[in-house]
Amino acid sequence: MNIRHILTKEILYRWRNFALGLFAVTVAVGSLTGALTLLKVHEFQTQKILNEKEEETEKKMAILKDEMRKATLKLSFNLLILPEEQSIRDLHMNGCPSEYMPEEYVTRLAESGIVLVRHFLPTLQQKIKWPEKKRTITLVGARGEVPNLHKDPRKPLVEPVPPGTIVLGYGLHHSLGLQVGDKVKLLGREFTVHKCYEERGSKDDFTAWIHLRAAQELLKKEGMINAILALECLCAQVEDLLPKVRNEIEQILPGTQVIEKGTKALARAEARARVGQEAKAAVEREKQHRDEMRSERELFAAILVPLVMVACAMWIGLLGFNNVRDRKTEIAIQRAMGFRARQIMFLFLSKFLIMGLLGGAIGIFAGLVFGRWLGIAMEGDIVGIAAGTLFDPGQLLLALITAPVLTVISGWIPAMIAAQQDPAVVLREK
Amino acid sequence: MRCIVLKVENITKIYHTPNKQVRAIDEVSLHVDSGEFVVVEGPSGSGKSTLLLTAGSLLTPDEGLILIDGKNPYALSSNKRAKFRAEKIGFVFQQFHLIPYLSVLENILTPSILTKGENTHEDAMQLIGRFGLTERVHHVLAELSTGERQRTALARAFINSPNLILADEPTGNLDRENAKIVIESLAEFANTGGSVFLVTHDTSAAKYATRTLHLENGRMRND
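Protein chains in written order, with our numbering: chain A, 1 to 430; chain B, 1 to 223.
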């Protein structure tokens, strides 16, 4: 028989009072743990969303870059290498070059080790009359891209036109009613329609593409071309691009000239960079939004949690006063028997301490479960966030310290009143 | 050889109410020797309980001196006075004042927590047997009859083998048979060298007393 025995018996006897106190501690610690868990769930969730967004942005950027490369090609090429004697005026007036240079130039260029150009597309272009269809068209002979042998190989920007086939611009196949797979004669030779382009709103709509070899034979220009399109000139330092490329090409191919097609390329490079910047800005905005939301929630928790804790502390204090009132005679007789004030204090404060420790442990568990549940309700699916990651030993320690401190502080005044109670007054009244 | 266990010398206790002052006991003097059973009789409101509480070192008198075994408990610190009380005094009250959630055995053993006496469990079992509570050892307050409650309270008062038992109307709530058991137990305690100081308005206790005193309006009446 000792004081601890009396303590245990009293808790069991007035279990409702103890349970109510325990509930208050559980609510207080639960709200603290729950708020911290909820903030953690939110952080995990938003981080996950951010990561997904960043990953998605990167993927989109990669696709966009590829599409931009192709878009650049569709509209025009970055640089055009022409014979030196080609008049630029005639080129713009006629829509295609009128001078020729050896096809071997492109091989020389590819093998030269030029560093500023990735692909070369040799073409033979000529405005002709299509006698079979009674149309004037631009005929382009292309043999597909010749890769720079000194650069990393990349996916070709332009698919080569297979021998024996023809690719038609919109204006041609639309007006002639031709479809892919149809047979068509050009300058006496039969071709199969390989591709029909969508409307581009340019001279491409009235252009027909065939294999370079066929074009050379039909135009009687064997071994000759009249333009080399230099693709994917490195655009990182566009302002210095042309002089460098021109200088490099002139050294490799004397007797040629280089025309800049870079204005649009530059615009697109800028657009591409802007898209990238916009994507990054979107991620940044998301981060900022997350930080703002977190601040709001932290502020909310910073107000709500202390309020709940104060309310619970008051509730525990009231329960303590109630307990002292119920045990008035019991305390008086104990004092009469010789219990010291500190032993009475011990009886009360131990009870509050047990209440705090037990309530703290339950509160942590309840807070974790409730916080996670609320997290799911507020954030949606939180699959991938293991329950274990939400459990923080520091948080456990904080709650385990906070709870007993809260209960002991709340119960201190009632315990003091009990210890200071004058037994004579109570016993005389009884 | 008899010695004075309780000496009350000219004590006065005044209660202060908002409107007036009440002299609950007024210059009362008495003594209880070892082996004596002193009964103080008096009507309700005569100051009996105040006298008992004052004598029991629970209520500081405004004037006068209390000596228990030659020591003035009011000269001791609160903690030392509590210890002194646990060792020297046993209390019995009309309302029993048992702790409701403890069993008969636990209630009897409660004062022994404070003195850490040896063989207390055996002593408690002996008292339980003596007061006919063997069948009620593990019963709590709600499961006891009035007589069993008071016998438990009596056993609790005896457990630390005090020098002095202070009893306030111990038979007030009991039937004749249980009242007799209680009074005879107290008388037996006095016969074995203990001192009993009992306050009551019931005159039947007087026949067991070695001395009977009368209190009226806070003053001892000289008969």
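Because the hints were derived from the structure by calculation, they are not lab data. It is possible that part of the hints are untrue.
Stated by the list, open to error - Label pairs and their in silico Cβ distance ranges:
| hint | chain 1 | residue 1 | chain 2 | residue 2 | range |
| --- | --- | --- | --- | --- | --- |
| 1 | A | P393 | B | K71 | 55 to 61 Å |
| 2 | A | N2 | B | K71 | 39 to 45 Å |
| 3 | A | I3 | B | H16 | 32 to 38 Å |
| 4 | A | W15 | B | T146 | 22 to 28 Å |
| 5 | B | K71 | A | W15 | 41 to 47 Å |
| 6 | A | I3 | B | D62 | 33 to 39 Å |
| 7 | A | I3 | B | E216 | 58 to 64 Å |
| 8 | B | G132 | A | M1 | 17 to 23 Å |
| 9 | A | M1 | B | T192 | 50 to 56 Å |
| 10 | B | H16 | A | W15 | 39 to 45 Å |
| 11 | B | K71 | A | L357 | 39 to 45 Å |
| 12 | A | L7 | B | M125 | 20 to 26 Å |
Unchecked claim - 25 Å max Cα-Cα, derived DSS-like pairs, lysine-lysine:
| hint | chain 1 | residue 1 | chain 2 | residue 2 |
| --- | --- | --- | --- | --- |
| 13 | B | K83 | A | K9 |
| 14 | B | K88 | A | K328 |
| 15 | A | K328 | B | K80 |
Positions of the beta carbon are idealized from the N, C-alpha and C atoms, including for glycine.
(message) Taking the earlier hints as the rules, which of them does this structure contradict?
(response) 2, 7, 9
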